[in-house]
Amino acid sequence: MGRPAVSRDAFRGLLAFYAAKAHHDHKSQGEHCLRLFGSAEDVPDTLLLQWSDRTELVGSEAVGRLKDPLVRQITNGNAQYDHASDFLHTLLRDLGRKMQ
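Per UniProt numbering: the sequence shown ends with 100, consecutive numbering throughout.
What the hints contain is simulated information worked out from the structure, not anything from laboratory work. Even glycine gets a Cβ: it sits at the ideal position worked out from N, Cα and C. Please note that the accuracy of each hint is not assured.
[To be verified] Derived lysine-lysine pairs resembling DSBU-like cross-links, with alpha carbons at most 35 Å apart:
1. K27 x K98
2. K67 x K27
3. K21 x K67
4. K98 x K21
5. K67 x K98
[What the hints assert, rightly or not] Across the chosen pairs, the derived CB separations fall in these ranges:
6. H23 x D53: 31 to 37 Å
7. D25 x G96: 26 to 32 Å
8. E61 x H83: 26 to 32 Å
9. Q73 x G13: 16 to 22 Å
10. Q29 x G59: 30 to 36 Å
11. H26 x G59: 29 to 35 Å
12. L49 x R97: 16 to 22 Å
13. D53 x G77: 29 to 35 Å
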């Protein structure tokens with residue numbers, strides 16, 4: 001049996017942080033992260049488990065380097081995701097490439 005997935009609240013907190021950062025930087029176009037925050041309630045547990053597994057395998061520094069450009073795109077309003085799971089799929093895809 002696998003380890004428990006990262007908590008849904010922790011993932012939602014990450015998205016809330018992105019929205020707060022966009023607000024603080026006066027980038028109103030990036031505040032749409034609040035929509036991602038709300039939709040994080042419906043992220044499948046399987047995705048959260050994959051996130052936990054992959055981040056553990058590649059390490060926090062590598063995850064940070066992969067996440068940084070995506071976060072900047074979100075907070076600048078240059079990336080639009082309809083749902084938090086879309087954003088998580090993108091992260092998982094990039095982490096999968098890193099693992100190959």
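Taking the hints in turn, this is what the structure says about them:
1. K27 x K98: 30 Å, holds
2. K67 x K27: 19 Å, holds
3. K21 x K67: 15 Å, holds
4. K98 x K21: 27 Å, holds
5. K67 x K98: 12 Å, holds
6. H23 x D53: 31 to 37 Å: 32 Å, holds
7. D25 x G96: 26 to 32 Å: About 30 Å separates the Cβ atoms of D25 and G96, which means 26 to 32 Å holds.
8. E61 x H83: 26 to 32 Å: 28 Å, holds
9. Q73 x G13: 16 to 22 Å: 20 Å, holds
10. Q29 x G59: 30 to 36 Å: About 32 Å separates the Cβ atoms of Q29 and G59, which means 30 to 36 Å holds.
11. H26 x G59: 29 to 35 Å: With Cβ atoms ~33 Å apart, the hint holds.
12. L49 x R97: 16 to 22 Å: 19 Å, holds
13. D53 x G77: 29 to 35 Å: Given about 31 Å between the Cβ atoms, the range holds.
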